[in-house]
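> What follows is each chain in one-letter form.
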Amino acid sequence: MTEVDLADLRFEEGAHLLLARALGRVAVGEEIAVRGRTPDLDIHLRAWARAEGHGFGLLDGGAGFALRRGPAQSARWQGAEQAGRPDPALPGAVVNQPPSHWGLAARGATVEAGALDFRFTLAGKSQLWADEAARLYAQAVASQWNPHTAVDWNASFELPEEVEDAVVQLMTYLIENETAALVVPSRFVAQMHPHFREVLQLLAIQAADEARHIEVFTRRATLKRDRLGLSTVGGQASLKTLVDEPDFAVASFLLSVMGEGTFLTLLRFLERHAPDPVTRAVTALAAADEARHVAFGVAHLRESALADPFLLERLAASVHRRHEALRHTAGLNQEVRDALVLLAAGGWEHKQLRLGSLRVAQLLADMDVGRRNLLRRLGFDDERAAALSGLHTRNFM
Amino acid sequence: MSHAGALLLGAVAYDPKVVAIWDGFREYFAERGLDFDYVLYSNYERQVASHLAGHIHVAWNSPLAWLQTEAAAAKLGRRAEAICMRDTDRDLRSVILVQQGSPIHEVGELAGMRVGVGAKDSPQGYLLPLDLLAQSGLNVGRDLSVVPFDVLLGKHGDHIGGERLAVEALTRGEVDAACILDGNYLAFAQAGLLPSGSARVLARTALYDHCNFTVLDDAPAEQVARFRELLLEMSYADPKIRPLLDMEGLKQWLPGRTEGYLPLAAAVERFGALQPFLAELGL
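Chains X and F, in that order, give the protein sequences. Per the numbering used here, residue 1 is the first one in the first sequence, and the count goes up by one each step. Per the numbering used here, residue 398 is the first one in the second sequence, and the count goes up by one each step.
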């Protein structure tokens, strides 16, 4: 018979761990012998065994106590399920439709039968998953930067009043758009089955990226001013269609592919034409993050489109729908457009303004090319890609 | 669902979880073809009286409620039966704790001391431990200063609040001894309410049994038999049942037995604990 000598170890000091371990190693119905020197051992032992469903008895001749393993512990794990496997690369690791009662259990955990159902409305692998997610998440973690130290906030520069105003207006616009980019994925994170851990983590870190973008843009805007610029009805109307979009695939398409894809081109343009080192630094940092967001949007939608032959049509319809909804709004506000021209011009000379206008026209063309490329990567043909890109919101995001 | 033919059980609502437990069991019985429903009482005395009056068929009784039912039934020329109990209702023990460094080493030395007890109608926190002291020759009313921690009177100590308060008073030195159930001694020690090694057992009661399902001789025999059969079939491996068993504090239902109530019968005899209740019933 297995013997456990507790010596002077009390129950509240962990004696029950030794007993549970020893009982776990014998078959149900088998006994172990227990000895010990603590004064109330028999009282605790009997109470513990009773609560755990084990039998309790005395060994002959006062040699100690006998515990008989009860069936409860093994009964608890009958019907338990393996919730996939932790490494997504292994076969069967990420299942197509994880059951709602797996709930918050870690992927790879053994889940007790009878757990309550959670209401995760996004639970289909084909809706959410991209093999890229783990790699992009790791990359995102490695690329996190500290807004306090990543930008030299003390860099000395002085801009003409109107140029500083233009920068502040652009920052105001960027903050508004980045707020949409924070809110939209956050809403879906809460609806997503945690079985798709890497996707959840990636979207969470995307939201954190946007939080930092909002911080640095705000900080740049208020570097020389105590007021921000203008927020327009048209701009917010465009963003509201994103925030209101209930479908995850459509929302990620409009936000991450069409919106952030366009924004990436904008941020690189601002980096190139920034009139001061701080504006250059904050737009460069944001652009690097946005590139990752776009990469995930494209990766998971491409995988979804392979599984769902109707997805591309749904996405195309969403662009048309959004175009119709925004047809009568102003789109990009004039102040933002003028600010872009002024930044690209670098001065008020006719020659400079002409060049600035040309550069903004080129920016719009570059945005269109960028969107068409992304649309083609999703599986649209050239003609479709061109038509859809042309219908994208004039507000860029 | 037929309401008229349902087997009706009474239980005392000592905690809100009682509703979840009996709703769950009701569903279990319904799935197996037994029309079953339950009624909750706020105290055992009302439940026992109601049982005797034929309002319910089965009562989920505390050990004191069992003795109350048995005694009242006997006076009425009727017979009570304990048909089923939890595995955790068998072979309990109460202990009388003192602080580790207390000068008290014999029960007799409690004379003149303050003894913290649970609810006055608690078998484990009051009746059985005080009977133990009486057996040792102490006159509970005269020799001891009994400090009651009455929480939820009428619940017969099902709620462990009184015992917890008694132990807290012991650790603060406000009482010289505290009477509690062995399982609560372990739980309080493991939860850190009693710091490790801060208390020791001065005395222990004999082993005794706790709750049971009680029926009277006019209960519908076939339904009661099916009810008991279904209880005994409940498996801890069943994921729908397991949470209910966990809440009710058992791993398995066992057949009822009554020899485990002898120590409590002696205690209530000594303290005359049944008489006021029987008198209230006019018995």
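Bear in mind the hints are in silico, worked out from the structure with no lab data behind them. Cβ atoms here follow ideal geometry from the backbone N, Cα and C, with glycine treated the same way. Check before you lean on any hint, since a few could be wrong.
[What the hints assert, rightly or not] Ranges between beta-carbon positions, derived for each pair:
| hint | chain 1 | residue 1 | chain 2 | residue 2 | range |
| --- | --- | --- | --- | --- | --- |
| 1 | F | SER595 | X | VAL183 | 28 to 38 Å |
| 2 | X | GLN78 | F | VAL537 | 48 to 58 Å |
| 3 | X | ALA63 | F | GLU503 | 23 to 33 Å |
[Claimed, not checked] Chain F is faced by these chain X residues, among others (derived, beta-carbon under 7 Å):
| hint | residue |
| --- | --- |
| 4 | GLY14 |
| 5 | ALA47 |
| 6 | GLY379 |
| 7 | PHE380 |
| 8 | ASP381 |
| 9 | ASP382 |
> Which of the stated hints cannot be reconciled with the structure, identified by number in ascending sequence?
1, 4, 6, 7, 8, 9
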